[in-house]
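Based on the hints, put chain V in the right spot on chain R.
One line per chain: the protein sequences are R and V, in this order.
The opening position of the first sequence corresponds to residue 1 in the working numbering, with each subsequent residue numbered one higher.
The opening position of the second sequence corresponds to residue 1001 in the working numbering, with each subsequent residue numbered one higher.
Simulated from the structure, these hints should not be mistaken for laboratory data.
Be careful, since some hints might not be right.
[Said to hold, decoys possible] Below, a list of computed lysine to any residue pairs in the SDA-like style, where the Cα atoms sit at most 20 Å apart:
#1 V:K1126 - R:S319
#2 R:K40 - R:K117
#3 V:K1208 - R:Y323
#4 V:K1126 - R:V345
#5 R:K51 - V:T1118
#6 V:K1126 - R:V344
#7 V:K1055 - R:T114
#8 R:K117 - V:K1362
#9 V:K1362 - R:S319
#10 R:K117 - V:G1508
None of these values were measured; they are calculated from a predicted model.
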Amino acid sequence: MIEAIGFYGMGLSLLVHVIFVSITIGVGLITAIYRWYGYKRNDRYYENFAKKGFRLMVISELFSGVWGTIITVFLAGLFPALMALATNVLFVPLLIALIGIMIRIPSIAIFWYTWNKVSPKIHSYIGFVMAASGFLIPFGFRAVFSEINYPVAIASYISTGIVSPFEAFISPLFWVFYAHTVFSALSVGGFVIASLMSIEDDIRGVEIGIKYGFVFFILNFLFGMFYWLFLGSFSPYIYNAVTVGTYAPLFVLKLLLIFLLFFIVVNANSAILSGKVHQHTKYAAPVSLLIAVIGEFMNGGARYPYMVVLGSEGIEISSFFNYYIHIPEYLLLVLIAVLLAAIVVFLLAASYALIKRYLDIPVAEEAS
Amino acid sequence: MADVVSVSALLALSSLGIYFHSVFVSITLGFPIAIMGLLYRYSKTGEQFYLSSAKKMTAVLAVNFALGAITGTLVEFGLVQAWTGTIIAISSFAFLPLTFELIAFIWEIATLVLFIVTLGKISPAKSFVILFIYWVFAALSGVLITTVNSWLVAPWGTGAVPAAIYPFMPEFGDAVVDVQKLVLIKAILLASGEPLHVILQNPEVSSKLGIILSEPAVAFNTPYNLWSIVHNLTAAFIVGMSVALAGWMFAYSRRKDERYLSIAKSFFPVLLLLLLIQPTLFGHFMGEQVVNYNPTKFAMMENARESYSNPLVAIIAYGDPNHLIVGFDKFKADCDKHGNATVGDLLNSIGIAKNDIVSASKAVGVSIEAERLESTLRLKLRDVCIADLKKAEERIAIVHAMYYTKIGGGILALAAVIAFASVLYRIPVLSSVVLRIMGERYFLISLLTAAGAVISSALGWAVREVGRKPWTVYGLLSPEELVNANSIVLSPVFISFMALVILVIGTGGIVAMIIVSRRFGVIK
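Chain R extracted, bound-state conformation (with noise of 0.2 Å):
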């Protein structure tokens, strides 16, 4: 039971992460691209609307990297074999991942107190860095999640005793499941800014989300029919787990969703079309972040009782679990308890910064 316990709430806490961090990182694009086209088509409001969309990714940012932080002590605390496996076979994509972190916090930060400060142009560039920072992250982590998918690297080393650094980067699940990620979270970065921009009743920023969101969209879909596929040849536990087994319903209710969505989009389109902006268009942030959070769900939750899935088995979530002292199933019930109630403070905070708009970016009004 106390296993379970953990391993849900390892993945609650994932969902709370994916959750801001698909919305950091495809905001983080769309802010450095509209703060390009700021400069160099000398437009006001593509600057404006950048700063807009910087202003949620700064907000969005600081949480997930916490729950970030609370996923790596969870993992250590609760499942100390997997993550000393883990910070043994896949150094590499965990340095990887810890250098996009190192540039991401930064690049933000000077992103923010240099606008208006430096040249357009640098701070374009700045932008871009920024955003490209966000694409690295996941490129580690993605690959820890692959392996306990599809375990390429640790199968090469328990069989040979050898760390190959660059292994989990042959996997052919890994390019499918990162490809589906990044898509997603930019789909989800387009969807998140038109429905912020049809609150204002923005229609040029509706229009932008919606473009990008679409764009996305598809690209995920495929991706996503992709790593389905992938996950049948070189996962059939989980693939089974999602196509015919207990996440069924959830998979068949992500793909209502991802129908919901498309009409939503065609509503907003249309609604553009005729100079006007769809009520129904401030849905499509919340209809594309649950696609992202069933995804997940799906993807981790469908292992279970496999912490580690081979094929159509795998080593059990208790292989790998903390038995070296007494947990009470209580006190990790509270802690989770404590920790989501911390999101209610962090959305009263995100609404005081986005909706009543109380944190202002330092890009005064005399910006080019």
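Only chain V this time, still in chain R's reference frame:
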């Protein structure tokens, strides 16, 4: 076993990361006190200057917090990725402190974001309360991290296990560990020459070993931890506030605007009070814990290769001027008491036979050569004890120099803060003396306060860390036993690269905070 030189380089890398992190943590803990002082003044006077100053400090705090989070991530990854053996501590002794730290951390960031976005938009009293809650969680985070560190310095709950090999060591409370399992793990490490990581990474290893710690909250209940928390946190408050003071006095030196002095007055009394009691009272109680639980560190601090008499140090340390300052000669004599006893004898005395080691090593997936096992069992305890003492002895000069420079830094900070108080408040006699010597050089005096505080704090931490070597967990585990089994972590390329990353982020971050405080300190 890992190459000692490379391990030392990796230790230096970890120290670099921890030092930069500690700079940002000190500001995280010290700045809010100053900002709360400004908000209080603003609520009382309604003068916008206090609010804009609070906003400026908040802008610096925000950048600082981001940098603290980055360097904290580096330190966290450093812990599990470089010193992977510490995972056993994270999943046992440090489990509860780190679990609670998660709560403190997430509430810390949630309340900080709330404070930043609402500052100036809601009443100063509400902002004060939000910032106070943030500060409480930030301090709690510091308390919990110090708890983990304190356990490494004084591994409470391990009872007489360290003393079994090093007879000069004290007992660390009642044994709440499974002594047999702990010693068995140590024996496997000695006999295999592998780091602990090799054991920990095997699936099922935890269920095979089972409970190793019966009292998971033991890290909280130690006298060493209590005084470490008080000593370390107040040091961080002092560093953060003294940096803030120097920053504002720099502005005063440029603009000669009296309002900057009133800013100083809004938080200086807290700084003064802390600097009067921290290095004296709290420092003394911390020192007592070192004398009681880190005998080798105390000998290193006092340069005691040989035991000697020093009534002043003795009365402070032992409460008896006639007590000798116990030196390494005494420790070596204690090691000699082992006589010809071997590791095998020690293992036998707690019921561990050779076959137990062989079967246990197989169970946890570690191979041991029969010859190496034999030679390990034949190792004389006296030789093990003396060899580790020698490693500690090699660090005497550096620890002694750092400790007394730290004391010098503390005296400088104390003298400077008293001088600042006498210039700021015009205390009879004292003010005239200080003004005759220093004049109204507020910035210089505040800079001396900050320099003294930073020197004292930085070297204090260095003494704490270097002083417990050659062990990472005092008397139990060495850095070589805790390092990652992956050889990349010890490669010069990796170490150099990460050092570069830390230096760029650390120095760049400090420069960014200075720029924000001087030019871009506006969050509208």
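*Hint consistency between V:K1362 and R:S319 [alpha-carbon to alpha-carbon, up to 20 Å]*: holds (17 Å)
*Mind checking the alpha carbons of V:K1126 and R:V345 for me, to see if they're no more than 20 Å apart?*
Cα-Cα ~14 Å, so holds.
*Assess, step by step, whether the Cα of V:K1126 is no farther than 20 Å from the Cα of R:S319, and give holds or violated.*
violated (49 Å)
*Given pair status - V:K1362, R:K117, alpha carbons within 20 Å*: violated (63 Å)
*V:K1055 and R:T114: Cα distance at most 20 Å?*
With Cα atoms ~18 Å apart, V:K1055 and R:T114 stay inside 20 Å; holds.
*Is R:K40 within 20 Å of R:K117, Cα to Cα?*
Measuring from Cα to Cα gives roughly 17 Å; hence the hint holds.
*For the pair supplied as a hint, V:K1208 and R:Y323, is the alpha-carbon distance within the 20 Å limit?*
Status holds; Cα separation ~9 Å.
*asked:* Just to be careful, I want the Cα atoms of R:K51 and V:T1118 compared with a cutoff of 20 Å; is the pair within it?
replied: Status holds; Cα separation ~19 Å.
*Compare the distance between the alpha carbons of R:K117 and V:G1508 with 20 Å, and conclude whether the hinted pair is satisfied.*
holds (17 Å)
*Is the hinted pair V:K1126 and R:V344 satisfied, with a Cα-Cα distance of at most 20 Å?*
Satisfied, since the Cα-Cα distance of roughly 18 Å is no more than 20 Å.
Violated hints, listed in ascending order, are 1 and 8; each of the other numbered hints is respected by the structure.
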